[in-house]
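Q: Chains A, B and C are the protein sequences, given in the same order.
For the first sequence, the residue numbers in our numbering are 1 to 339.
For the second sequence, the residue numbers in our numbering are 1 to 183.
For the third sequence, the residue numbers in our numbering are 1 to 549.
Hints are supplied without guarantee of correctness; some may be wrong.
Here are the simulated lysine-lysine pairs, DSS-like style, with alpha carbons at most 30 Å apart [claimed, not checked]:
(1) Lys289/C to Lys99/B
(2) Lys246/C to Lys286/C
(3) Lys246/C to Lys289/C
(4) Lys286/C to Lys487/C
(5) Lys242/C to Lys286/C
(6) Lys487/C to Lys99/B
Keep in mind that the hints were calculated from the coordinates and are not lab data.
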Amino acid sequence: MFWSSITRKTTAVSALTGLLLISACGNVTTGGNGNNGDDNGEDYPTQAIRLTVGQDAGGSTDLIARAVANGSQGVWGVPMTVENQPGANGAIATQEVANRNPDGYELVLLNASLITITSMVVPESEQVTLDDLDIIAGLSQDDYILIANADSELDTLDDMLNADRTIDFGTTGVGTAAQLAMLVLIAETGIDGNEVPFDSGSPALTAVMGNQVEVATVQVGEAMPQIEAGTVKPILLFSDDRIDYLPDVPTAVEEGYDVPVSQYRALAMPAGAPDHVLETLEEGLQEIFATEDYQQFNEDNFLTPHEISGEQVREEWTDLAEHYAQLVDEHGINLGGDN
Amino acid sequence: MSRTREKTEDVLSQLTDESGSSTEQNDALLTTADYVPERAGTVTNFVCGAVVSLLGIGALLVAWDLGFGSLTQPRAGTWPGILSALLILLGALIMLQAKSFNDAERLTFNAAAVGVGAVSLAVAVQLMPHIGFEIPAVLLTVFWMSVLGKEKYLLSIPLSVAAVAGFYLIFVTGLNVPLPRLF
Amino acid sequence: MDFAPVIEGFEVVLQPQNFLFCIIGVLVGMVIGVLPGLGPAATIAILLPMTYGMEPVTAIIMLAGIFYGAIYGGTVTAVLLKLPGETSSAITALDGYPMGQKGQAGKALGIGAIASFIGGTIAIIALTFVAPIIAGWALRFGPPEYAALTLLGILLVATISNGTMLKALVAAALGLLFAVVGRDAFTGELRYTAGNLELSDGLQFVPIAMGVFGLAEILYNLEKRHLAQPKPIKVDKVLPNKADLKQSAGPIARGGVLGFFLGILPGGGATVSSMVSYGMEKRLSKDPKRFGKGAIEGVAGPETANNAAATSSFIPLLTLGIPANATMAVMFGALMIQGIAPGPQLVDTNPELFWGVVNSMYIGNLILIILAIPLIGLFVRILYVRSTILAPITLLIVCMGAFTISNRFFEVMVVIVFGVLGYLMKKFGFDPAPLVLAFVLGSLLEDNFRRSLMMFQGDVSRVSERPITLTLLSVFVLVLILPLVFKIVAHRKGADSLLDVVAGETTQQDSSQENTAESRSHHTETEEKDTAATASGEPQKKPPAKPDR
Numbered sequence: 001m002f003w004s005s006i007t008r009k010t011t012a013v014s015a016l017t018g019l020l021l022i023s024a025c026g027n028v029t030t031g032g033n034g035n036n037g038d039d040n041g042e043d044y045p046t047q048a049i050r051l052t053v054g055q056d057a058g059g060s061t062d063l064i065a066r067a068v069a070n071g072s073q074g075v076w077g078v079p080m081t082v083e084n085q086p087g088a089n090g091a092i093a094t095q096e097v098a099n100r101n102p103d104g105y106e107l108v109l110l111n112a113s114l115i116t117i118t119s120m121v122v123p124e125s126e127q128v129t130l131d132d133l134d135i136i137a138g139l140s141q142d143d144y145i146l147i148a149n150a151d152s153e154l155d156t157l158d159d160m161l162n163a164d165r166t167i168d169f170g171t172t173g174v175g176t177a178a179q180l181a182m183l184v185l186i187a188e189t190g191i192d193g194n195e196v197p198f199d200s201g202s203p204a205l206t207a208v209m210g211n212q213v214e215v216a217t218v219q220v221g222e223a224m225p226q227i228e229a230g231t232v233k234p235i236l237l238f239s240d241d242r243i244d245y246l247p248d249v250p251t252a253v254e255e256g257y258d259v260p261v262s263q264y265r266a267l268a269m270p271a272g273a274p275d276h277v278l279e280t281l282e283e284g285l286q287e288i289f290a291t292e293d294y295q296q297f298n299e300d301n302f303l304t305p306h307e308i309s310g311e312q313v314r315e316e317w318t319d320l321a322e323h324y325a326q327l328v329d330e331h332g333i334n335l336g337g338d339n
Numbered sequence: 001m002s003r004t005r006e007k008t009e010d011v012l013s014q015l016t017d018e019s020g021s022s023t024e025q026n027d028a029l030l031t032t033a034d035y036v037p038e039r040a041g042t043v044t045n046f047v048c049g050a051v052v053s054l055l056g057i058g059a060l061l062v063a064w065d066l067g068f069g070s071l072t073q074p075r076a077g078t079w080p081g082i083l084s085a086l087l088i089l090l091g092a093l094i095m096l097q098a099k100s101f102n103d104a105e106r107l108t109f110n111a112a113a114v115g116v117g118a119v120s121l122a123v124a125v126q127l128m129p130h131i132g133f134e135i136p137a138v139l140l141t142v143f144w145m146s147v148l149g150k151e152k153y154l155l156s157i158p159l160s161v162a163a164v165a166g167f168y169l170i171f172v173t174g175l176n177v178p179l180p181r182l183f
Numbered sequence: 001m002d003f004a005p006v007i008e009g010f011e012v013v014l015q016p017q018n019f020l021f022c023i024i025g026v027l028v029g030m031v032i033g034v035l036p037g038l039g040p041a042a043t044i045a046i047l048l049p050m051t052y053g054m055e056p057v058t059a060i061i062m063l064a065g066i067f068y069g070a071i072y073g074g075t076v077t078a079v080l081l082k083l084p085g086e087t088s089s090a091i092t093a094l095d096g097y098p099m100g101q102k103g104q105a106g107k108a109l110g111i112g113a114i115a116s117f118i119g120g121t122i123a124i125i126a127l128t129f130v131a132p133i134i135a136g137w138a139l140r141f142g143p144p145e146y147a148a149l150t151l152l153g154i155l156l157v158a159t160i161s162n163g164t165m166l167k168a169l170v171a172a173a174l175g176l177l178f179a180v181v182g183r184d185a186f187t188g189e190l191r192y193t194a195g196n197l198e199l200s201d202g203l204q205f206v207p208i209a210m211g212v213f214g215l216a217e218i219l220y221n222l223e224k225r226h227l228a229q230p231k232p233i234k235v236d237k238v239l240p241n242k243a244d245l246k247q248s249a250g251p252i253a254r255g256g257v258l259g260f261f262l263g264i265l266p267g268g269g270a271t272v273s274s275m276v277s278y279g280m281e282k283r284l285s286k287d288p289k290r291f292g293k294g295a296i297e298g299v300a301g302p303e304t305a306n307n308a309a310a311t312s313s314f315i316p317l318l319t320l321g322i323p324a325n326a327t328m329a330v331m332f333g334a335l336m337i338q339g340i341a342p343g344p345q346l347v348d349t350n351p352e353l354f355w356g357v358v359n360s361m362y363i364g365n366l367i368l369i370i371l372a373i374p375l376i377g378l379f380v381r382i383l384y385v386r387s388t389i390l391a392p393i394t395l396l397i398v399c400m401g402a403f404t405i406s407n408r409f410f411e412v413m414v415v416i417v418f419g420v421l422g423y424l425m426k427k428f429g430f431d432p433a434p435l436v437l438a439f440v441l442g443s444l445l446e447d448n449f450r451r452s453l454m455m456f457q458g459d460v461s462r463v464s465e466r467p468i469t470l471t472l473l474s475v476f477v478l479v480l481i482l483p484l485v486f487k488i489v490a491h492r493k494g495a496d497s498l499l500d501v502v503a504g505e506t507t508q509q510d511s512s513q514e515n516t517a518e519s520r521s522h523h524t525e526t527e528e529k530d531t532a533a534t535a536s537g538e539p540q541k542k543p544p545a546k547p548d549r
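Same shape as in the complex, but just chain A (with noise of 0.2 Å):
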C-alpha cells in the first residue's frame, strides 16, 4: 500500500515536473561538493552556472539576476539557474559564494549597500568587503526617490522646508540606501522631521498612499506605477543626474545637497578565477547587455543601466562607502545597529 501511494505520487511529481521544467532545467546545478572540480583547461562552459542571490525571489534584485540568467543560453551556451538564499541583506549569500571554488559556475549578484552601507551597521564580523571576490562588472542603478502623499500639501523640497511643522516620514529599514537618503536630507536640510521606520519599501510606499505617514524614500521602480496612477507625487531624485524615466523631477544635488544615493548591483564570483574564464564571462556579460530583451527588462523596471567593469566597480563603492561614513559622521545620524 506504502509502494503504491508513493511511487504513484513520485511518478506523477517527476513526470510533471520534469515535462513541465525541461526548458528551465536541461542541466542541474551542482552541490557545494559536487563535480565541479573537474573543469581542466579551456572549456568553459560545460555546465550550468549558478547565480546566487542574498534576497528573497520576486525583488528588484533577484528580477535583475533573472534577468542575466535569461541570456545564459544564448550567450554561453549553459543555462544559468538563479538561487535564492536570502539572509542578512545578502551577506550570508555572498560569504558563502566566495568561500566556493573559483571556477566560473558560481557566481553572485552584489548590492552595492551591502558593502557601502550594512558595513555600517553591522559589527565587524557580519561586515563583507570585496576582497574575497573577483567582480566581472557592473550592472544596473537602481535610484531612490522622495515621494509624498498625493493629498499632502508638499509638492516640493522648498514646500517641505517651508512647511513649519513636523513631517512624518517612512524609511524602509535598517542599513537600506533609502534609509541613509532620506536620514541624510533631513539632517542637511535641517527639516522638522518624525521618522516612522517600516520594514522594506513596500509597506512604506503603503503608508504614504493611505497617509500614514506624509513622506517616504523608496526605489523609482517600486514608486513608478503610483506616480504614474497619482497616487502618489514625486518631490526629489537622489540620483547624481535626472533620471529618464522622470525628467521633471529635480535631484538633491542640483537642489545642492550633497545625498548622492543609488543602489548599484554587480555581478561577482570567487576570488581567484582563471583569465579564460574571468575573460568569457566579461564578453558573454556585454553581449547580454546588448540584447534587446536585456534592455526592455531595464526599462521596464526604470533601470538606469551602469555597466562598468570590474574595477570600476570596485573604486566606485569603495569610494560610495566612504562617502557615506563621512556622511553619517558629519550629521551625527544614526542609522541604527550596534556600533
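Guided by the hints, dock chains B and C onto chain A, whose structure is given.
A: For chains B and C alone, kept in the frame of chain A given last:
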C-alpha cells in the same frame, strides 16, 4: 482502540520483552489504575515552572542589556523585557501550583529513544553539506526503520534507497533544489 | 460597472492554452505544495522559470493555479502528517490532524477542499464586483490598526489551546519571545541571536511549525516505539456527509466573509484570518471542548477564511500594486518579469490581464475541487503506512522541505531544535499550538505598536484620532471581559481562584488529547507480529474512536 490497552502496554513493556503477543495476552490483567504512575508528579511540574522562570530570567538579562526604555519611548529591550517578566511570573505560578497539574508525563527511560532519534537526525543533517545528502539520508532512514523501529533490514534498506532516489528525482532533478549531493 | 471586460476575461481564460495551463498549474501546485516547507510562495518561486516563455496572461493564470493548488497541498500535509506548510494550515492542523488520527482524514480533506472552494468563490465574486471600491479600505489600516488587530489575534490564540491556561500562556509568551529574535527593525540592534549571522533576520515560521508540530509528533511517538501496536489507523475514505456539511455551513459562511475582508489588508490580515475564524468558531460552539480533538468546524471555518483571504490578497496587488504577503511579492515579481508593473492603473491599461487573472480564479478554484476530491483517496493512503516506515520518510521530507526555505541547512537545524522543544512541551503538558501562533503575531504586534508610538510621537492619547483602532480595541476588551465574567459567575462556588477554574476545567480534556496522540503511536512489531496481530482481528473490527470523549 482503548486507551487502557495502550497505556498498560507501555507499563508492561518496561518489564517484558517487546513482544506484541505477550501484551495482547496480558491486556486483560491490567486496569487503568496501572496508568497513573506514568503521569508526572509535583516535582516534574515544579521543575517545569522553574525552567520557565529561569528562561525568563535569562531573557530578562538580555533585554536589560538592550535597554528597557519605557512604554511610550520603547527601546529594543522593552518588549522582550515585558515577555521575560511574564515568563518569570508564569513560571513562579506553575511552581506554586505544581501540585494541581496532572498533564505532565513522567520522563522515563523510554525517552532515551527520543534523544537517540533527535541526535541521529542532527548528525545526518550535519553530514549532508560535507558528503552530500544521499548517504546520510539512507543511513538515517535505515537507522530509524530498523534500529529504532525494528523493521527488517531486508525491508528498510531497499525502501530507504528507493525513498532517497525518489526524493532525488523530485527535489534535485525535478525542482532544481540545490541540495548538496554526491551523485 | 461595465461588464464587457469581465466577459472578455472569461474568453481569455477559456482559450485552450490558458485553460490547459490553469489546470497544469493547479495540479503541479497541489503536488508540490504537498511537500512540507514548500508553501505557495516557495512553490511559485521554484516554478517561476517555467513561465518565462509564456504570454503574460498565460503565465499569471498558471501561477494563480499553482497558488491555489499549493495552498490546498499545505492542507493535505497538515491533516495527514501535522506538517503545515504555511501559517494558515497551522490552524488546519489543530483539528485536521486529530481527525486524521481518528480515521477521518478523508472527511477532513474533503471539507478542506469544499471550504477552500467556497471560500475562494465568495472572495472571487466579491473581488469581481467590489475590488476597486474596497481596495482603498486597505490603505486606512495603518500601524495602530494593525497593532489593535494583532492584539485581538493574540487574545484568540490564548483561547485556542485546550491545555491548562497557565501552560498555554507560557507557550504563547515563548512564541512571542522567539519572534523577537533577529535584528530590531527600529534600532538595528541584534536581539537574542547569540552572534549567529544566520539568525540576524530572525526565525522563520515554517521551520518552527514543522518542528514543534510535525517533528515533535514523530519524536513523541518514538518514545512509544516499544509498544506493539498492531494496526495502522483505520482510514475512512468517506467524504463529508450531509451532517458534516450542515455542521460546517455556518463556519464556512462566516469564514468566507471574514477571510475576504482580512485578506485585503496588506500588513498581515491573511495571516490572522484563519486564527480569527478558529477562535470565533470555538467561541460560538456549543461544545468548545471538541476543538483541538477533531472538530470539523475547526477545519471548515479556518480553511474557508484562509482561501478567501488568499484570494482577496490579490486585490491590493491588482488594484493598488501592493503585494500583501510573501506569495504576492513573488507574484509581483512574476508580473514584473513579464514587463507589467502592477499598479492602480493595471485594470485600465491591461484589462484583459486583470480580468483574465480574476476569472482564472473561478476556473482554478473549480479545477481544484474537481482534482482534489478524487485525490483524497490517494492522499489518505499515506496513513496506511506503518509509522516505523512513515516516520523516517517523513523525516526526509522535513529535512528537504526545510532546506528549500532558504537553501540552507540552517533551517533544518532550526526544525530539529524546535522538534525537541515541541516534544518536551508535549511531554510536560504545554500545548505547543499557542507558541506557533503567537510567533506569527509577535513581530507584527511589537513592530506596529512601536511604529504607532513613533507616529504619535509617544502621545498615546492620539489613538482617539483613529476610529478603526478604537473599534478594534473595544472588540478586544469585549472578547476579553465577557467570558471572564461568565466564568466567574458560573464557577463561583467551590473555586479558589480564576486560575483554578480554568485549570480544573481543562486538565480533563488534556488527558484525552494525549490519548489521541497515543493512538498514533508507533507500530514496532516485525512483520510476523503484524500478521499475528492482524490474525487476532481485534483492532480492525474496532470502530474509529468517537469524536467526543
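Q: Each hint: holds or not?
A: How the hints compare with the structure:
no., hint, in the structure
1, Lys289/C to Lys99/B, "24 Å, holds"
2, Lys246/C to Lys286/C, "15 Å, holds"
3, Lys246/C to Lys289/C, "19 Å, holds"
4, Lys286/C to Lys487/C, "15 Å, holds"
5, Lys242/C to Lys286/C, "20 Å, holds"
6, Lys487/C to Lys99/B, "23 Å, holds"
Comparing the model with each earlier hint shows no violations; every hint is respected.
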